[in-house]
Amino acid sequence: MSSSTLLRPAGAPAPDASRRPGRAPGRLRRRIVENLTAYGFLCAALLCFALFSWYPIVRGVLLAFQQVNFITDPVWVGWDNFELLFKDPLFWDAWRNTLLFTGLALVFGFFVPFLIAVLLNELRHAKGYFRLVVYLPVMLPPVVAALLWKWFYDPGPGLFNSLLRAVGIDGPHWLDDSSTSLLSLVLVATWSNLGSATLIYLAALQTIPGELYEAAELDGANVVQRMRHVTIPQTRFVLLVLLLLQVVATMQIFTEPYIMTGGGPDDSTVTVLLLLYRYAFVYNDFGTASALSTLLLLVLSVFSFAYLRVTRKAEA
Amino acid sequence: MSDRAVRTLFSGSRTGIGYKVAFTVTFVVFTAAFVLPFLWLVIGAMKPAVELAQVPPTILPRTWNPGNYTEAWQLMDLGKYFLNTVVVVAGAWAVQLLVDVPAAYALSKLRPVLGNGVLALMLVTLMLPPATLLVPMYLTITDLPILGINLVNNPAAIWLPAAANAFNIYLLKRFFDQIPSELLDAARMDGAGPVTVLWRVVLPMARPILAVVSILSVVAAWKDFIWPLLVFSDPALQTLSVALQRFAPDTPINLLLAGLVLAALPMIAVFLAFQRHILAGLTAGSVKG
Chain P
85 MSSSTLLRPA GAPAPDASRR PGRAPGRLRR RIVENLTAYG FLCAALLCFA
135 LFSWYPIVRG VLLAFQQVNF ITDPVWVGWD NFELLFKDPL FWDAWRNTLL
185 FTGLALVFGF FVPFLIAVLL NELRHAKGYF RLVVYLPVML PPVVAALLWK
235 WFYDPGPGLF NSLLRAVGID GPHWLDDSST SLLSLVLVAT WSNLGSATLI
285 YLAALQTIPG ELYEAAELDG ANVVQRMRHV TIPQTRFVLL VLLLLQVVAT
335 MQIFTEPYIM TGGGPDDSTV TVLLLLYRYA FVYNDFGTAS ALSTLLLLVL
385 SVFSFAYLRV TRKAEA
Chain R
3 MSDRAVRTLF SGSRTGIGYK VAFTVTFVVF TAAFVLPFLW LVIGAMKPAV
53 ELAQVPPTIL PRTWNPGNYT EAWQLMDLGK YFLNTVVVVA GAWAVQLLVD
103 VPAAYALSKL RPVLGNGVLA LMLVTLMLPP ATLLVPMYLT ITDLPILGIN
153 LVNNPAAIWL PAAANAFNIY LLKRFFDQIP SELLDAARMD GAGPVTVLWR
203 VVLPMARPIL AVVSILSVVA AWKDFIWPLL VFSDPALQTL SVALQRFAPD
253 TPINLLLAGL VLAALPMIAV FLAFQRHILA GLTAGSVKG
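Protein sequences appear in the order of chains P and R. The first sequence finishes on residue 400 if you use this note's numbering, and the numbering steps up by one all the way, no holes. The second sequence finishes on residue 291 if you use this note's numbering, and the numbering steps up by one all the way, no holes.
Since the hints were made in silico from the structure, they are not lab data. Here the structure is a predicted model, which means the values were calculated and not measured. Warning: the hint list may mix true and false statements.
Below 20 angstroms or equal to it, Euclidean Cα-Cα: the simulated PhoX-like pairs (lysine-lysine) are [unchecked claim]:
{"#": "1", "chain 1": "P", "residue 1": "K211", "chain 2": "R", "residue 2": "K22"}
{"#": "2", "chain 1": "R", "residue 1": "K225", "chain 2": "R", "residue 2": "K82"}
{"#": "3", "chain 1": "R", "residue 1": "K82", "chain 2": "P", "residue 2": "K234"}
With these hints in hand, go ahead and build the complete structure from the sequences.
Printed below as a string of structure tokens:
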């Protein structure tokens, strides 16, 4: 209860206490007033969090065990929703596709931005230009990027196959072929988002003291060794944090498959979130959809906890 | 800028032939990867539909149709959707500032009992992937607890959840923490109440962080797709992204492309105007290295 006085900055006077040391009731009243003021400032935020974060979290987990039809009261159905999910072959497809997507997205979205950042850090000219253009796609609404790339992917007049045709290659069918559809989505998502990771890495690279490289060089370390022993250790924290954030973000992929493929061909791009969308907003089965989001939450919380621990350690 | 700049991974000369080659290659690859798609789109949007379907495609249109842009604007009634989007984005921005600034101020400077617990409960929500809250959030807006209001097709369904933004509160609180308490105490001695202190002392000092939070919230609201898709079942109220996605299958490709350009322009313009702030927001968004 005394946290408000304990947390008062050391130098700041506690006027009431110093003036009338014996008058506890006055101090109490003052503290109540202070707290009421503070909670007055907080109440809008508390209401928003309660309605749109805290309550939905609890309700989401409860819904996973219920059947809801909005006419009668929700019925408690235990693990039925989960059983239904496990019997749905699409459920396993969706997880496989999502994990594949995340894996591929990491190959491109994690390593490529780092390499780009290392490269940009070396260049001494047109730095502003590079930083500008690499970030341009990030500003594009995802729907616009998805529709734009859908046009690029067109096997006939599309940009990619036209370029390939110009060098004599018969291009793939991209979105229309279940062997390339997922990869095609990864490429769009990577193009759209790599700008932010690149610039974060670049900022981290710029904090590395030049003396470290100089010292490594004097010790006879070649470029690869300097990369291994200076660049990577010095940016390890940012690398780890972005890795975790990217896993969590890419596992929630929705816009690209929803707009570009609708989950096809042959369900090759049905992701967990697309399936969740179908259960909830196409079949109106909110219980099963919630069971699916609860599972997604469980999987992602591993990464979220890892993220929390990593950043905590860094702050301490 | 000069060769005396900070030493990096490579120690080679910045003017030698190797550097020039590396620079040129990077320049060409970057331009091809990140500028060409935009150019291709802007130019493609000015071709006639027949020419767009042609294999191989023409590089420059045989006949330039800049009129496609106005035609797309009229055909898809983009003015309406722009206005809808502006209402959604401006409202989300205003509500976030109105709700999150006082909250961060209270947590940072008024320090109520259980304040740290409240902050922790807010920060926990950052650990939750937004996708997993989609269903219960949707059910919540269809029937708001206690109030019993249905917010479907109401922009408040976007504004209010946007305000429950722990990251904004965290950024603002961290900034407010750095403002010396002596300054606030001095204002209080002069008889200023907490509202006056916030308005007259804290906010003027907090301009940089307010800019970052504003831009983060505007960009996020403009880019959002899945939530507006769920919230606006009435086509007349949809945002630009949701409407474009709905029009895509039945719109002539050249007009659709023109629509994409028009939808992309505002954010590109915002980026060019506020580059510095946006990039500052990016590193505020990550954790320091």
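Going down the list of hints, with the structure as the test:
1. K211(P) with K22(R): holds, 14 angstroms
2. K225(R) with K82(R): holds, 18 angstroms
3. K82(R) with K234(P): The given pair, whose Cα atoms are some 25 angstroms apart, is violated under the 20 angstroms limit.
When each numbered hint is compared with the structure, a violation occurs for hint 3 only.
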